[in-house]
Each structure stands twice: as C-alpha cells, then as structure tokens.
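Protein chains in written order, with the working numbering: chain Z, 115 to 795; chain U, 158 to 481.
Possibly wrong hints are sitting among the right ones.
[Stated by the list, open to error] As a list, the in silico DMTMM-like pairs of lysine to aspartate or glutamate whose alpha-carbon atoms are at most 25 Å apart:
#	chain 1	residue 1	chain 2	residue 2
1	Z	K582	Z	D572
2	Z	K728	Z	D757
3	U	K332	Z	D663
4	U	K240	Z	E360
5	U	K201	Z	D396
6	Z	K787	Z	E297
7	U	K232	Z	D140
8	U	K219	Z	D572
9	U	K219	Z	D140
10	Z	K293	U	E265
11	U	K201	Z	E348
12	Z	K290	Z	E360
13	U	K201	Z	E154
14	Z	K361	U	D469
Simulated from the structure, these hints should not be mistaken for lab results.
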Amino acid sequence: MKKSLLLLVFLLSACDEKPWNNPYPDHERGSNILYTAFTEQPRHLDPAKSYMEDEWALLANIFATPLQYDYLKRPVQVAPFAASGLPKVTYWDEQGRPVAASSEHIAKTIYEITLRDDLYYQNHPMFGLLDPNKQTRKVTADDYIYQIKRLADLKNECPIYTVLQNKIIGFNEFTKVVKKAHEAAPEQHLDLRQFELSGLTKKDDTHYAIHIKGTFPALQYWLTTPFFAPLPEEAEVYYAQPGLMEKNITLDFLPISSGPYQLTENNPHRHMVLERNPHFFDERFPSEGQYYQAKDLSQDRCHVLINLDEKTHCEQEKKALSFANQKMPFIDKVVFSLETESVPFWAKFLQGYYDRSGVAADNFDAVIHIQEDGSLSISDELKQQGIRLHQWVEPNLYYFAFNYRDPVYGGSSERAIKLRQAIAIAFDLEEYLTLFRNGRGLVAQGVVPPGIAGEMPDDFYDAVVYEKIDGRLKRRPIQDAFQLLKEAGYPNGVDEKSGKSLKVYFDTAAAGGPDDQALMDWVRAQFKKLNIELVVRGTTTNVLMQKLDDASIQFFVFGWNMDYPDAENMLGIFAGMNAKVTAQGENLINYMNDDYDALFKEVSNKPQTPARIKAIQAAQNILLKDKVLIAAFYPSNIALMHDWYGPIRSHEFANNTLKYLKVDPVLRADQEKAWNAPWLF
Amino acid sequence: MFLFICKRALLALLLLIAVNAVTFALFFAINSPEQMAQHQLGDKYRNQAATTEWLKTRGYDKPLFFNAEQSGFAKLTDTLFYKKSIPLLVFDFGRSDQGIDIAAAVKERAGPSLAIQLPTLIVGVLVEITFAILICLWRYRWQEKASLVSLIFLMSISGLFYIIFGQYLFSIIFKWFPISGYQDGWDVIRFVALPVIIGVLAGASGNIRWYRTLFLEEIEKDYVRTARAKGLSKRAAFFKHVLPNAMIPILTGIVAIVPSLFLGSLLMESFFAIPGLGSFAIDGIQNQDFAIVRAMVYLGAALYLLGLFLTDISYSIADPRVRL
Numbered sequence: 115m116k117k118s119l120l121l122l123v124f125l126l127s128a129c130d131e132k133p134w135n136n137p138y139p140d141h142e143r144g145s146n147i148l149y150t151a152f153t154e155q156p157r158h159l160d161p162a163k164s165y166m167e168d169e170w171a172l173l174a175n176i177f178a179t180p181l182q183y184d185y186l187k188r189p190v191q192v193a194p195f196a197a198s199g200l201p202k203v204t205y206w207d208e209q210g211r212p213v214a215a216s217s218e219h220i221a222k223t224i225y226e227i228t229l230r231d232d233l234y235y236q237n238h239p240m241f242g243l244l245d246p247n248k249q250t251r252k253v254t255a256d257d258y259i260y261q262i263k264r265l266a267d268l269k270n271e272c273p274i275y276t277v278l279q280n281k282i283i284g285f286n287e288f289t290k291v292v293k294k295a296h297e298a299a300p301e302q303h304l305d306l307r308q309f310e311l312s313g314l315t316k317k318d319d320t321h322y323a324i325h326i327k328g329t330f331p332a333l334q335y336w337l338t339t340p341f342f343a344p345l346p347e348e349a350e351v352y353y354a355q356p357g358l359m360e361k362n363i364t365l366d367f368l369p370i371s372s373g374p375y376q377l378t379e380n381n382p383h384r385h386m387v388l389e390r391n392p393h394f395f396d397e398r399f400p401s402e403g404q405y406y407q408a409k410d411l412s413q414d415r416c417h418v419l420i421n422l423d424e425k426t427h428c429e430q431e432k433k434a435l436s437f438a439n440q441k442m443p444f445i446d447k448v449v450f451s452l453e454t455e456s457v458p459f460w461a462k463f464l465q466g467y468y469d470r471s472g473v474a475a476d477n478f479d480a481v482i483h484i485q486e487d488g489s490l491s492i493s494d495e496l497k498q499q500g501i502r503l504h505q506w507v508e509p510n511l512y513y514f515a516f517n518y519r520d521p522v523y524g525g526s527s528e529r530a531i532k533l534r535q536a537i538a539i540a541f542d543l544e545e546y547l548t549l550f551r552n553g554r555g556l557v558a559q560g561v562v563p564p565g566i567a568g569e570m571p572d573d574f575y576d577a578v579v580y581e582k583i584d585g586r587l588k589r590r591p592i593q594d595a596f597q598l599l600k601e602a603g604y605p606n607g608v609d610e611k612s613g614k615s616l617k618v619y620f621d622t623a624a625a626g627g628p629d630d631q632a633l634m635d636w637v638r639a640q641f642k643k644l645n646i647e648l649v650v651r652g653t654t655t656n657v658l659m660q661k662l663d664d665a666s667i668q669f670f671v672f673g674w675n676m677d678y679p680d681a682e683n684m685l686g687i688f689a690g691m692n693a694k695v696t697a698q699g700e701n702l703i704n705y706m707n708d709d710y711d712a713l714f715k716e717v718s719n720k721p722q723t724p725a726r727i728k729a730i731q732a733a734q735n736i737l738l739k740d741k742v743l744i745a746a747f748y749p750s751n752i753a754l755m756h757d758w759y760g761p762i763r764s765h766e767f768a769n770n771t772l773k774y775l776k777v778d779p780v781l782r783a784d785q786e787k788a789w790n791a792p793w794l795f
Numbered sequence: 158m159f160l161f162i163c164k165r166a167l168l169a170l171l172l173l174i175a176v177n178a179v180t181f182a183l184f185f186a187i188n189s190p191e192q193m194a195q196h197q198l199g200d201k202y203r204n205q206a207a208t209t210e211w212l213k214t215r216g217y218d219k220p221l222f223f224n225a226e227q228s229g230f231a232k233l234t235d236t237l238f239y240k241k242s243i244p245l246l247v248f249d250f251g252r253s254d255q256g257i258d259i260a261a262a263v264k265e266r267a268g269p270s271l272a273i274q275l276p277t278l279i280v281g282v283l284v285e286i287t288f289a290i291l292i293c294l295w296r297y298r299w300q301e302k303a304s305l306v307s308l309i310f311l312m313s314i315s316g317l318f319y320i321i322f323g324q325y326l327f328s329i330i331f332k333w334f335p336i337s338g339y340q341d342g343w344d345v346i347r348f349v350a351l352p353v354i355i356g357v358l359a360g361a362s363g364n365i366r367w368y369r370t371l372f373l374e375e376i377e378k379d380y381v382r383t384a385r386a387k388g389l390s391k392r393a394a395f396f397k398h399v400l401p402n403a404m405i406p407i408l409t410g411i412v413a414i415v416p417s418l419f420l421g422s423l424l425m426e427s428f429f430a431i432p433g434l435g436s437f438a439i440d441g442i443q444n445q446d447f448a449i450v451r452a453m454v455y456l457g458a459a460l461y462l463l464g465l466f467l468t469d470i471s472y473s474i475a476d477p478r479v480r481l
C-alpha cells in the first residue's frame, strides 16, 4: 500500500514537471529550437521549380545563393552571401568594346561572380557513391552553372523561364538542344553537363560569369533567390536511382543544403524540420544598420527621431545590433508544423508552443486596439504574457481595375478616363480596408510601395480622388463624381446617347462564402452610389484566369507581389509590351500607352540614378492621369511575438532570415510551465 | 460461396470502371488539362511552352475518351482515360501531378487515420450499445424520456461545435491534452485521446437511438414474449436472447464501415493536425491534382465495395438463415 502511494506521488510529481498539453516530444523541452507553422504543404522544394512564399521560407535557409539581402540596411540592398563580394559588372557594345554603365550602346553585360573558398554541402550519401569515406564536398562554380542550365531545361518547369530566356545569352538555344536530347531518349536521365550554354562561363572553381543580352539590372536580385542556388551535379544522378522515387526520395522532396540549415525531415502533411548544417561557413551577424553601427550602440540616436516608423525601426535595429559579429545561425533546429486551422494555431501561440503568430480576422478586435493616432497596440492580456507587436507594409499591390480594352470603361479617351475617375471617387477604399482587412492596408497613391526607390513623395496624392482639408486627405464628395459622370456623357449613370443605365460585370473567384457575399454587397453599393448596376459573376479561378488571358473580362480585382525591390518589377505589370492579350505577359489590365512604355524601357535598362527615379515617378503620374486603377492599396501585416523570440526586424524581401533569429529556450520552458498547469479539480 | 465471390468481384470491377469514368468526366468538365497545367505552374510568368511540356510529361496531351487521329483499337486505348485508368485496376496509383508517389503517401497517411478512427469506432460502439441497453431497461420511465430528449438535443449540434468546444474545454481550459499535433510511438496516445473522445461524443447520440430502436424491435417479437411468459426474467431475456439477435445488424453495419476507416476524417484531422488521409482528396481537388483525386475516389469506392462484400459474408456467418 505504501509502495502504491509512493508511486502515485511520484507519478503526480513527475506530471507536474511538464505541461500535459505540450505538443512536442518531452526531450525537446528547453532546447534551442524555433517552433513555427505552415498552412499549406509545399508543392516543390527543387530550387528550379519552387516559387511559392511558403516554400522559400524553407529553401532560402537551405541554399547558399550568390547574394542575399542585407538584413539591416534600408532601403533594401543586396549583399554578398556565397559570393565573396558583389558581382563585378562590365558592359560591352556590339563590337565587344567595354562601355560605361550609362552608355546607350550596351549590347552585353557580364556579371562575374567570385565564390567564397569555404563553401561545403551538407553530409549526404550521394557524395559517398564514388568514395565511401566522403560525406561532403566543396561547392564549386560548376554547381552554380549546372543549376542555371537546369532553369533552361523545360523538363524542370522553371517558373521564371520567360524572365531569363531572352536575357541570358544562349538560354533559348540551350533549351532547344536539350529538348531534342530529351525527345531522343525520353525515359533516360539526361546529364546537362554535356551541353554548352554559351552565356555561362567558368574561370576556375570559384569564379563564374553570366553573360546577359543588353542589360538586366534585376539579375542582382534574382541572384538572391533559390533559382540561382548551387546544385551538385551528382544530385540528379543519385536521385535517378531506381527505387528512390517510389519512396518519394527526390530532389523535389529533399533538397541538398549548402546554407545554414539542412532539411532533416520532410513530412509535409505533418511537419518539416531544419537543422543546423555543420559545414556552413563562418557567417557573422551584420554590424551595420541604417541608423547605427555596432560600435555606436552606446549613443542613443533613436530618441531624436520624430517619425514614429523610423523610431520603431531604430529601436529594433539597436536591439538587433547587440548580436553584431556573433556567429550565425543561432538556433539549432527549426520545426515547421502543419496547422491548417487558425483556432489551434492561435491557442498554441498563447500557450507558448509557437514563438510567433499572425493575427486572424476572428481574433483581431479582441487582441488589437487601434489608437487615436492610428497606430496599433495589443490587449493588456497579451502584454502581460510579454507578447510584442510588429507591423509592416508588404511590397505588394492589390488593385481593382477595368480591362483597358473594354469598349465602355477601358481606353484612353477623355470619356473613359472621366468615367473611371468618377467611379474611383465613389469607390471608398478606406471603408473597404476597415471593413474587410481590419485596417491592414495603406491606400496607394502611386503603384510603387513604400521603401522602394521611386515611391511617390509623402505629400503626394491623387487630386482627382482626394482633397486636402486641414492637412488631412479626404475623399472628394460624391457630387464631384456625378459631375465627372456628366462630363463623360453619363449623367446620373445613364448613357445620354442610348438612354440605358450603366452596368458593370465583376468577375470574381471569391463569390461563394458568407464573407465573400458581404464583400460583393459592398462592391455593389459603391457602384450604386453612381446609379451603376454591378453584376457579380462568380466563377472558378481557372475560368477567371482564362478570361484574363483573352481579355473577356470587364472589372476585376487582382494583386502583384514584387519579386525584388526595384520599381521596374511593379511598373512592368502596366507595360504595353507585357499586355496579357497580345504578349501573354503580366499586364492583366492590357493598358497601352506609348509614353508610359518609353519610360518603362528606360527604367528597365538603366541602373539606379536620380534620373531613373524621376522616370519611375513620371510613369506613375501617367498611370494616374489615365486612371488605370480604380482603387489600389499596399497590404500591411501584423506579427505577434513572445519575449523569448528576437530580434524583431522584418525584411520585406529576404527569406533567409532564420539564421538571424534567437530564442531563449529556458525562459520559454518556464513560461510554458507557468501557463499550462493542468487543472486537477 | 465461390460463385458468389466471383459474381461480386465482377460486379465490383464494372462499378469501379464506372466510378472512374464518372470521376473523369466530372473533373474534366470543370478543368481542362491546360487549366490544370497553368494552375500547377503558377499565375506569374506563365508561358505556353511550359504548359505544353507539363501536359506532355504527364500524358495529358492525349484526347480524353476518343483519339480520332489513331486507327483501330488505338482510337480508344491511346486516350487519357485508358492510359490513366488501366493501372488503377491493379491499384497502381502512379505519381501525383506534383510528382509524389501516391501509393507511398497513402501507405504513410493511413496509419494516423486509423489511429483515430479505430479507437473511435471501438470505444464508440461500446459506449453506444451500453447506453442503448440502459435506455431500453428504463423503458416507460422518466429516465428514458430524459435520455431521448438529450439525445435529440445532442444530435442537433454540429460536429464542428463538438470539435471546437472539446478543444476549448480539454486543451485550453483544463490543459489536459495538446490541442493539435501528432507524434509517433506511445506518445501518440496523448494526441489521439482528445479526437477519440470528441469523435465518440459527436457520433454517439444518433447511433444510441438507432441501437435502441433495434433492441426494442427485437424485444417486441413473439419469441421474447414467449420466453417472458415461461418465467424468464426481463434481464435474462434481454441479455440471452434479445441482445445476440439485435447485434446482427449492428455488427454487419460495423463491418461495412471498417474498410473505409483507412480514409480518415477530414474535419477531425484538419482541426487536430493529424497527418492522415482525411484531407488527401481535398488537397488534390484544391491543387487540381487529378492523379490524387482519381486515386482517392477509386480507393474510396473500392473500400466501400469491400465493406458491402464483407457485410454479406458476415450476415451469412451471423445469421444461419442467410445463404450466399
């Protein structure tokens, strides 16, 4: 009896040591692990195929790309990563003579990349195929070249094939040769090393060059992406072995690391685990930011800043720089768990089992408070838990627009422009952001997001839609919209020629759910203000895309996530040469304007200069003058973090940010214990 | 018996072919292969060459049901339907359109689904039969009325509510179980306990009422009245005669659903982050991955037919009057 009692007491005390609702293995408690989640299973982890944000959240931390984004410096700029320095860029004319970057006669640009001498792959059995004692090997220039060749092989379905095909010299020719070789032996593995891609040259194991037709300033940004990561030539041979594919052991499932982390477990319907790559080179936390250098930390400069955003950034940077020059990565292991539902995800965050979380619309009002000055703060309960709030504007643009080829609402005639201007005044975007996005969005006065060179000045606004009253922007009264309608030939929303009322067809893939219904009702109400009838045509995403492809659409909503921090990437979605209907490009609106196209060409081909920035702003003014977009906004995002997680410094473009993060596992374990004591009657 | 098995197997084959054909027609009535390709390749920087290559690599460049360009029998065999359907008949699911080996994925995900479904079924049946018996024993008393009203009330509540309320109560308030997740080994008990409890509670009310009806139907038969008239006690008559006879439809009903337990439960697995098969078909539909959709529909139909077949067999074993 005594023994039984002792056992019971022992069991109860043992139970008391650890929370019962801990979703992780007990042996991981107090370990240097970051716990995060993913909501959608990655489709591809092959660096030639992957192009989803969720996938890059993993891949960018696995590969040593030639370049990366500087973590602290703003405006966003690239920095060396696997390269020992920034690429040496030289410009050449038709005759093969070197010319200046500003020259009008650039026929070719060469990017020469010098790699670090201490790059190694993770341990992998493929390296032991020839020599059983070998577990890793050095990363060489051949591996970077091999991966670029893979981008040109149509079999790999590279999502940015069209971006590169007319830029890298010999890219198209290589594609044709490889395609023929595939057709000759369709079932066999094809060794791409045997084919030459003339735009890629290798000097030695640490030097290679990419030869570009004309100029391609955006290449520096693409060099930060997994597309340009190294791939050991042995990998495809290894994974082509019989039997591996049947066990889902493929390059698309288990990428080979050359970066700070390696993927040690990939179970995409449960969890994915990254662990420290023991062969990652000695990389240190940056010591220089926008406001500070590590040595200046003692001087508190943040208090002299007036702008609230700058002050916040400054404080964050100051804290981040306390890690300056420390060896990265800091965290040993990162566990990504699949959470498809927001309820358990949020509960686990509050229980301390996730280190960071977003805020779902369901919880927003309960946990986020909007202050009088428009800034956000979190509830007292969250503050007591030591949770902190971080907010940032994403470099994306969501817009409502008409198809520019539409006979009534499209085109550059004065009538059509005035009609669109009238609708833009009635379309209360501020209300939309409040009702449907919890205020998480910034009304776009131009199209280049904040923080990107070429954004419109702070005091700039669309004078057709807004007026400034007492220093604050206010949407113009609806009477102004009716006046514009009248001038356009549609008094009170009626075509004065035909006598028919105006009607708009809104094609959308989001018209099924209860939330969607509220949104559709709201959009209808905006048009109703001008006596225009809006007809919502709910459809599937496939049909919507088809309608956009053949321009058989009238009014729609869409978005663009910038690929890199250059305004050219955003301006491209309005360029005539990218029109969807004529060039299968990304200009879904099918906007055409020769002046705009000329400015876009100038922006595309030139390096960043004050003249280029002027051209970017002039291009935006043309878009505004033609009223191409009815309404547009830059979405903003919110993250909540526990106090054992840091530093808080978001980067709008970098995905390889895990290496900069730290957690305090002891504090976390203590808090988890305190917050999750089981209720024992 | 052998003839019966042969007949049923042939019928099952024809049904499976029909199911496959209907899945084919429905899927491609909504999506063309080109749209599937474009969806898989993404919205940005789309190009025709990549789409063509995607279709060719996966065999979607062939006509759906009839190839007019071919001659003879090849008009039917050199088609998408034929090429994709024939391997299915021998359960060769092939690779998904994203490149995953479907059989390997099914094998891996069936385990976690079973880890929830099987205990839910066993515990559920035990609980349901026990309560049904109790209600029968309370016949014409106030407890019976109270139980029936409670059961109707519980039946009216959505399954989703059981899940959310269960998670809130047991994981957030009591902090007894992880709110979601899954681990291997003995640790699995901590993760499946809550879904099993909720699964049992959510499904119990309907089944208790059904089992009660079966028991009452049996109680009112002549042979029970005769047994009671001969002096057998109410309890003895119930447990010796009523229960074994009433169990026949219950057990055969259970046998029918056993094969489909492998397919898991979408809601339960989604809310508890169980890496089972419940969401596999839905993921396939959302990703427009036809290979997964047809494999899962085919597997579901095959398991359902297997369940019906096992029901027939179990009937013949449980009830000597039934001859196959």
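Structure-based check of all given hints:
As the CA atoms of Z:K582 and Z:D572 are separated by approximately 13 Å, the hinted pair is consistent with the 25 Å bound. Between Z:K728 and Z:D757 the alpha-carbon distance is near 43 Å, which puts this suggested pair outside the 25 Å criterion. Distance check on the hinted pair: U:K332 and Z:D663 sit about 52 Å apart at the alpha-carbon level, beyond 25 Å; violated. Note on U:K240 and Z:E360: the hinted pairing holds, with a Cα-Cα distance of about 20 Å set against a maximum of 25 Å.
Between U:K201 and Z:D396 the alpha-carbon distance is near 36 Å, which puts this suggested pair outside the 25 Å criterion. Proposed proximity of Z:K787 and Z:E297 is contradicted: the alpha carbons are some 61 Å apart, above 25 Å. The suggested pairing of U:K232 with Z:D140 is violated, with an alpha-carbon distance near 61 Å, which exceeds 25 Å. Our distance criterion of 25 Å between C-alpha atoms is broken by U:K219 and Z:D572, whose separation comes to about 56 Å.
Pair hint U:K219 plus Z:D140 does not hold up; C-alpha atoms about 53 Å apart against a cutoff of 25 Å. Restraint check: the Cα-Cα separation between Z:K293 and U:E265 comes to about 36 Å, which exceeds 25 Å; the hinted pair is violated. About 31 Å separates the Cα atoms of U:K201 and Z:E348, which puts this hinted pair outside 25 Å; it is violated. Between Z:K290 and Z:E360 the CA atoms are separated by roughly 30 Å; this puts the pair beyond 25 Å, and the hint is violated.
Between U:K201 and Z:E154, the direct Cα distance comes to roughly 19 Å. Compliance with the 25 Å bound is thereby established for this hinted pair. Taken as a hint, the Z:K361 and U:D469 pair is broken in the structure, with Cα atoms around 37 Å apart against an allowance of 25 Å.
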